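A.B. asks: With full-length UniProt numbering, letter number 110 in the sequence shown gets 110, and the count goes up by one each step, no holes.
Check each hint, because a few of them may be wrong.
Using C-beta positions, here's what the derived DEER-type ranges look like [claimed, not checked]: (1) Arg-106 to Ala-229: 33 to 43 Å; (2) Arg-148 to Ala-229: 13 to 23 Å; (3) Arg-148 to Ala-68: 32 to 42 Å; (4) Gly-120 to Pro-190: 31 to 41 Å.
Hints were generated in silico from the structure; no laboratory data involved. This structure is a prediction, so every number in the text was calculated from the model and none was measured. Ideal Cβ placement from N, Cα and C applies to all residues, glycine included.
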Amino acid sequence: MTLETRTVLANARDVAAAVPGLRAGIVWRSDAPFLGDAAPAGLAPWPPTTVVDLRDPVEAGGRHPLAATSTVHAIPVLADAAAAGSRAGASLTELYRGMITGDAGRAVAAVAITIAVEDGPVLVHCSAGKDRTGVSVALVLALIGTARDSIVADYVVTAANMGGVVDRMAAAWAGEATGSPTGVDVSRIPAAYLTAPADAIEVVLDAWDAYGGAETWFLAHGGSAAHVAALRERLLG
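Generate coordinates for the entire structure from the input sequences, incorporating the hints supplied.
C.D. replies: Structural data, given as structure tokens:
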């Protein structure tokens with residue numbers, strides 16, 4: 001792993017960059033930060049006020065690298081990310097459908113609630129910043145009425161970043177990030193899981209539409225109309 005890979009987030013961005021009309025500096029997304037990472041370009045002021053870590057406790061591997069400077073909320077979306085990532089025969093779209101049902105669905109809703117009630121920039125991340133992060137950010141965008149093509153556009157930005165993401169995940173598993181293995185063994189993840197195709201997030205958007213809309217789904221999974229109003233105020237002004 002190069003020094004640049006070790007010290008620069010591979011998949012960090014302001015969600016507003018892909019979504020016309022969205023207020024910048026509110027919702028950021030990324031792959032998992034390492035202790036000592038440089039401030040990402042375009043995300044200022046860094047560090048964020050709040051971090052939402054979607055990894056499970058084993059995957060996260062202890063104290064969050066931004067815990068000294070940011071309020072960190074641990075909201076595991078998948079109870080066992082390593083197992084979920086290597087389930088025989090499970091497609092990426094099946095994984096995504098699973099993230100909006102049961103406990104996982106309530107966790108995704110909790111991410112939107114956290115963004116609604118916190119102040120300042122909120123960084124949402126998992127290991128790659130693609131699957132759990134992608135679904136969670138898609139919900140936030142859907143709740144504020146973002147056009148479908150803009151939600152998809154934000155999601156697919158990750159495709160071009162996956163080389164760097166895989167390098168950092170491999171380094172974390174090798175212990176290069178913290179001195180001990182963290183994250184998941186990227187060599188065991190199916191190749192299809194290391195892509196960011198539009199149809200993966202479109203399956204989620206279709207499911208919310210079939211439910212009666214993202215807001216109806218959100219209200220059934222722990223959210224409230226007040227949370228939706230707060231999101232719209234924070235992100236649209």
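A.B. asks: Taking the hints in turn, state whether each one holds.
C.D. replies: Do the hints match the structure? See the list:
Separation of Arg-106 from Ala-229 is about 20 Å and departs from the stated range, judged on CB atoms against 33 to 43 Å. Checking the proposed 13 to 23 Å range against Arg-148 and Ala-229 shows it holds: the Cβ atoms sit about 22 Å from each other. Separated by about 39 Å at the C-beta atoms, Arg-148 and Ala-68 satisfy the suggested range of 32 to 42 Å. Between Gly-120 and Pro-190 the CB atoms are about 37 Å apart, so this pair conforms to the stated range of 31 to 41 Å.
Comparing the model with each numbered hint stated earlier shows that hint 1 is the single one that does not hold.
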